[in-house]
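Protein chains: 2
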Amino acid sequence: MDDRIRAHAETLVGWSARVEDGDEVVMRVAEGAHDLAVAVAAALGERGATLVATYGSDEVSRAYLRAHDGDFGPADAERALYDRADVYLSLGGGRNTTATADVPGDTQSAYARAREEVREARLATDWVSTVHPTRSLAQAAGMSYEAYRDFVYDAVLRDWESLATEMGRLKDIFDDGRQVHLVAEGTDLTLSIAGRTAVNSAASVAYDSHNLPSGEVFTAPAGTEGEVTFDVPITVQGRRIRDAHLVFENGEVVEFAASEGEDALADLLDTDAGAKRLGELGVGMNRGITRPTDNVLFDEKMAGTVHLALGRAYDACLPDGETGTESAIHTDFITRMGEGSRLVVDGEVIQRDGVFRWEDGFEG
Amino acid sequence: MDDRIRAHAETLVGWSARVEDGDEVVMRVAEGAHDLAVAVAAALGERGATLVATYGSDEVSRAYLRAHDGDFGPADAERALYDRADVYLSLGGGRNTTATADVPGDTQSAYARAREEVREARLATDWVSTVHPTRSLAQAAGMSYEAYRDFVYDAVLRDWESLATEMGRLKDIFDDGRQVHLVAEGTDLTLSIAGRTAVNSAASVAYDSHNLPSGEVFTAPAGTEGEVTFDVPITVQGRRIRDAHLVFENGEVVEFAASEGEDALADLLDTDAGAKRLGELGVGMNRGITRPTDNVLFDEKMAGTVHLALGRAYDACLPDGETGTESAIHTDFITRMGEGSRLVVDGEVIQRDGVFRWEDGFEG
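Listed in order, the protein sequences are those of chains A and B.
1 is the number that the numbering used here gives to position 1 of the first sequence; each next residue is one higher, with no gaps.
62 is the number that the numbering used here gives to position 62 of the second sequence; each next residue is one higher, with no gaps.
Hints in this document: simulated from the structure, not taken from any laboratory.
Source: prediction; values computed, not measured.
Some hints could be false.
Per label pair, the in silico range of CB-to-CB distance [what the hints assert, rightly or not]: (1) B/A112 - A/P104: 57 to 65 Å; (2) B/R242 - A/Q108: 30 to 38 Å; (3) B/S162 - A/Q108: 37 to 45 Å; (4) B/D315 - A/L123: 52 to 60 Å; (5) B/A112 - A/E326: 25 to 33 Å; (6) A/A316 - B/A112: 40 to 48 Å; (7) A/D21 - B/E326: 45 to 53 Å; (8) A/E161 - B/A112: 33 to 41 Å; (9) A/S144 - B/A112: 43 to 51 Å; (10) A/M1 - B/R242: 37 to 45 Å; (11) A/E326 - B/D315: 38 to 46 Å.
Output of the computed footprint for chain A on chain B, the stretches with three or more beta carbons under 8 Å from beta carbons of chain A [stated by the list, open to error]: (12) 39 to 47; (13) 181 to 190.
Going by beta-carbon spacing under 7 Å, a handful of chain A positions derived as facing chain B [stated by the list, open to error]: (14) G70; (15) A75; (16) N211; (17) V355.
Cβ coordinates follow ideal geometry from the N, Cα and C atoms, glycine included.
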């Protein structure tokens, strides 16, 4: 076994999920994640945790959903499992990212609705999602299998303790700040963050962070004004969007354009009232992620990028009793903070040319 | 997909488990059983059942058990899952029948003890075990993969309704009978079955039968007298036993021999007091099973064979309040009913030369 698989499992179980003796753990194993599952099982055994492995097969789901008439009953047995579980570990990594492409959308929605309580019970555990690198994910990233494995382990096997400390600096700045000013090519945007709380997303339940890898600091902005251009392409429900350009007035999108997928962008903005407003301002700080791979969970964490999400805000960022943007969507758009860029909080330059003020090479 | 996989799934879900709309089903998927799992998922979806798939990986179990210190806590989450489940379907078919060979025996026993309540909750459902043919099982059977697949589907895809009717005849004879007399090469044995109830094991929960394939009628004998020779080899905890020969007096083994594995046979008989007595008399009636494959679940169902188990009797065969043989073991030994053999109940020949009296070619 590649030593990195063992290290991945140890990071997941130790740093991310903080599994302890006696914890009851449900581990979801995707079709291609067997090797990681074996390593995680060993890490759980060492800690004296209890293990139930579930089979997260897209092909099994597809067969089930296509055969079903869409009138789904409650899933009490599965809910009972998660109600009793302390930890849920999702090991992604399938064999075909489009395995469920021919399941009708309304069947998928009906299934998701019927399983809302299962989902809630799962989210009430100390849950962490990660992915095992598979050939299918390499293909989606446009990479060789070997290069993709290196990419994933570079992203996952960080010194998380030290990254959490560094990200803590930015969280403190955001927590104390009132206004963010973003400047980059095609971007000149101001956002209010007064009274909002940033999340130091350090890939651990101890930081309210549930993805491995993670590596971002995010908060919930308001009153956005100006324009922004997103030069990292994204895929939304199978449709590619490139070079999205948005103009905000009073917190709302008033103009939009894209060099590819402008229709998809229009549909997205049209979802509901909240879809035209921002729910998240995030700053990627994972230096192990050095290129986009058409997978937002990695792309948005890329060091030297900023992302803004249209739609729903995270409760954790909002003061008690205050509601942020509400929407059925939360879609992240990413822009590179390259040469000539600035991230400014209350007039102070925090990052210039993609370099933070506490890093070597920062030119204030 | 091989049409036989679909037919297997349909037989499992329809005939064996009798799954209905709204049933909550837990499906255990062994490492090599993916294709059958996809077909079963479709059959469950069609019936409007709820599905949770678990991953029954021997390699995951091995890693977990070897890393664990052996002090296992209760598995409440998993138990809660089975407490709520209506049906449990175990899809066997691994990639290595000896995958857990290097897990210490005391760890395995401690794990089994800690999970006793999980096991009970699972057995309280309408559970059915089956196997998907894999290369590993073909190898264990000494067969090519292609030939083994044919073998498994011949055994599984029977006209179960009609076999259940035929087996019902033998059940009636056993239920009404007082004494069985078995005669074959090296075998001349009498067993009392008075007051005992036979099970028509027709591979369906509707018949209290939980294996697919099945195809046997069995009951609990007493007061065995005489000698018996088992010419189908068996493997007990990794040790081969050939041509076991047992002599019974007053229901108990008083002499034994074997052409191979006599030590293993001696150890077995030495387990406890019940290990020297019979717990089961079974008659194989599945004509799809035409050769032994060193897998007792198939071998004991082979048409033209009789099997006797040393050890524990099934409660279902005993009158209320009566206890049959009690033992930690239940080990089936199989003998072919070939030329010159007779199965006689209360003086009436039921089977001669391996042919039942209701079959063509029977010579009473």
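Each hint, compared with the structure:
1. B/A112 - A/P104: 57 to 65 Å: About 44 Å separates the Cβ atoms of B/A112 and A/P104, which means 57 to 65 Å is violated.
2. B/R242 - A/Q108: 30 to 38 Å: violated (56 Å)
3. B/S162 - A/Q108: 37 to 45 Å: holds (42 Å)
4. B/D315 - A/L123: 52 to 60 Å: violated (44 Å)
5. B/A112 - A/E326: 25 to 33 Å: Roughly 50 Å apart at Cβ, these two residues miss the hinted range, so it is violated.
6. A/A316 - B/A112: 40 to 48 Å: Roughly 43 Å apart at Cβ, these two residues keep to the hinted range, so it holds.
7. A/D21 - B/E326: 45 to 53 Å: violated (37 Å)
8. A/E161 - B/A112: 33 to 41 Å: holds (40 Å)
9. A/S144 - B/A112: 43 to 51 Å: holds (44 Å)
10. A/M1 - B/R242: 37 to 45 Å: holds (39 Å)
11. A/E326 - B/D315: 38 to 46 Å: At 59 Å between Cβs, range violated.
12. 39 to 47: holds (count 7)
13. 181 to 190: violated (count 0)
14. G70: This interface hint is violated because 10 Å lies over the 7 Å limit.
15. A75: Where the cut-off is 7 Å and the nearest Cβ of chain B is about 5 Å from A/A75, the hint holds.
16. N211: At 22 Å from the nearest chain B Cβ, A/N211 fails the 7 Å test, so the hint is violated.
17. V355: Where the cut-off is 7 Å and the nearest Cβ of chain B is about 43 Å from A/V355, the hint is violated.
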